[in-house]
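Chain order of the listed sequences is V and S. The letter at position 48 of the first sequence is residue 48 when you use the numbering used here, and the numbering goes up by one with no holes. The letter at position 33 of the second sequence is residue 159 when you use the numbering used here, and the numbering goes up by one with no holes.
Check before you lean on any hint, since a few could be wrong.
Said to hold, decoys possible - In silico DSBU-like pairs for lysine-lysine, Cα to Cα no more than 35 Å straight-line: (1) S:Lys429 - V:Lys90; (2) S:Lys438 - V:Lys100; (3) S:Lys542 - V:Lys90; (4) V:Lys107 - S:Lys541; (5) V:Lys100 - S:Lys311; (6) S:Lys418 - S:Lys429; (7) V:Lys76 - V:Lys49; (8) V:Lys107 - V:Lys76; (9) V:Lys107 - S:Lys265; (10) S:Lys438 - V:Lys107; (11) V:Lys95 - S:Lys542; (12) S:Lys467 - V:Lys107; (13) S:Lys337 - S:Lys311.
Honestly, the hints are just simulated from the structure, not real lab data.
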Amino acid sequence: MTDDTIYSQILDDHYREPRNFGRMEDPDVQVTETNPTCGDTISLFIKVKDGNLAEISYVASGCLISVASASILSEKATGSSLKEIRTMTKSDVLKNLGLKLGPAREKCALISYDALMKAIDRYNSS
Amino acid sequence: MDIDVEEIRKHFPIFDRFRRDGIVYLDNAATTQKPREVVDAITSFYYNSNSNVHRGVYRIGEEATELYNHSRENIASFIGARSEEIVFVRNATEALNIAANNLPDVVGRDSEVIISRMEHHSNIVPWHIASTRYGIRVKMMENLPDRQITWEDIEKNLTEKTRIVSLSQCSNILGTINDLSAIGKRLHELGIIFVVDAAQSVPHMPVDVKKLNCDLLAFSGHKMLGPSGIGCLYGTSEILENMPPYMGGGEMIREVYENGFTTADVPEKFEAGTPNIEGAIGLSAAVDFLKKIGMDNVRSHEKELIKYTLEKEEEYALESLHSYGPRNPDIRAGIYTFQMKKGDSGKPFGNYVHPHDISHLADRIRGVEIRSGHHCAMPQTVALGTYATARASFYIYNGKEDVDTFFDALKAIEKKMIA
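Hey, can you work out the whole structure from these sequences and the hints?
So, in C-alpha cells, the structure goes:
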C-alpha cells in the first residue's frame, strides 16, 4: 500500500488549513449537526444576500474527512445561489472528495452537507 | 501450555485472506473470527440433521433436539452452570434486556439498581428503559479508569431500596477485569440480586458462575469464536423461576387455553419461538475449541500480550499517545484504548488525530484493523474527557508480532498527522 491510497494531499491540506473555519457574527442561520457514532460535531453559519450564499463558516471537531469535506464544500458553495446549492447531491459531495469511502466514513464526509442543506431549508422557510 | 499462535491460525480460514492482504485484525472485543470447526458444525447440521427441535418424533427431529440439548449442556458446564440454568438468547444485549425487563416485577418497582460508569450501553440502556417503564431508579456509580470497581464504590450508592446491582466483569473500553466474587458474596448477604455482564470475560478467561456469586450473567457467542445471533443468559433456577416470561409464543408454554396459558419449565419458559438451533450448535463447537486450548491458557496468552503492549508503549514513547486502563496486567484484559494528541499547537487541527483517522490510517498504512468511536460506552468515554477513542483488542490468534505492527502503524500515523 502506498501513501496515495490514504488521504490525498488536497484533503490533507484542507484538514490542516480548513477554509472558512470559525464562528460568524450575526449569521442568518446557524445549524449544529452531530454524528452519533463518533460524536463529531459541526456548527455551520450562513449569510445570504440576494438569494446567494454570501458567507459560510463553521466550527467542527471531527476527523480529517469531516473537516476537509466541510472546507471543500464551503469553498464550492460560497457565491452560488441557494437554489443551485440545494440541487447538489450527496454523491456530488463524495465525488468532490475523490475518495472511495465505506458507509461508516460516508457519514463523516456528509455531516457538513447535511448541516448546509438544513441551513438553507431553514433560511427558505423563515 | 503456551499458545502456539501459528498452529491456532491454521484453524481459521480467514487467515488465508489476512495473509494475502496483509491484515492484522485487532477488533476482537467487537467480534472474533470463526474457526473451521464452528463453520463445519453449522454446515453439518444443515446438511445432515436440519429440522425443528422439541417437536418431531422422527429421526432427524430427534437428532436436532439431541444436538441442541447437548449444546446447552456443553455451554452450561463451560461456565460451571447446569443445563436448566442457561437460556439461549440472541446475544448479551438481549440477555441484559430480559434481566432489566423482568427483574422489576421480582424486586418491586420501588427498587433501585446500581450500575457502574464503565458499563457497555447494553448494561445501561435496558435499565433506563426499565426505569421509564416500571419506575425503578437507576444509579450510575463512579469508577476510576485505572482501577477495579471496589466494594466501597458500591457501598456509597447503597440504600435500603437497592435490590439489584449490575456490573461488567471486564470493561470493553478500559480492559479492567473486576474482581466480582467478593462483591457478589456481600451483595447476597444483603439480599441484593447480582447481574453480571460477562460479554468480555467468558470469551477470554475461566468464568465460574458459582464462584462469581451472581444471579444472572450474560454473554454473546460471536465474541468467543461462535456465530452471531446466539448468546446466553445464565440464571439461578430460583431467579429464572421467579421471573415472568419475556416473550410469548410457541416453545415457552406448557398449555394454552381460551383465556390464558401456563409456562414451560425454565429455561424453555424464556425461549419463545423456534430457537437459533444452528447458532447453539455453532457456539457449542466454539466452546469445544476453547476448551481444547484451555481458558487458563487463553487468559495467560492475552495477559502476556497486554503486558507486551504496555512495554512497547513505553519503548516507542510516542509523544502524542495516551492510553487508558489499569497498568497492572493481572487485572487487565487484552484491550488497549488510546488517543493521539499533542499539546495545543494554536491551530484547530494538526495536534490531534481523530480516532476515525487513526483507524483508517492504521488499516491503510499497515493493515492493522482497530476500532474507533465511543465503543458503546459513552459515559466512560466522556469521563475520560473525550468523545471518541481508538481501541485494539486481542484474541488467541494474535501474537506479539501483531503488537509490533500495531505500534509501527501508530508511529507512522504520528509522523504523518501530528505537526
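### Message
To test your reading of the hints: which numbers does this structure violate?
### Response
1 and 5
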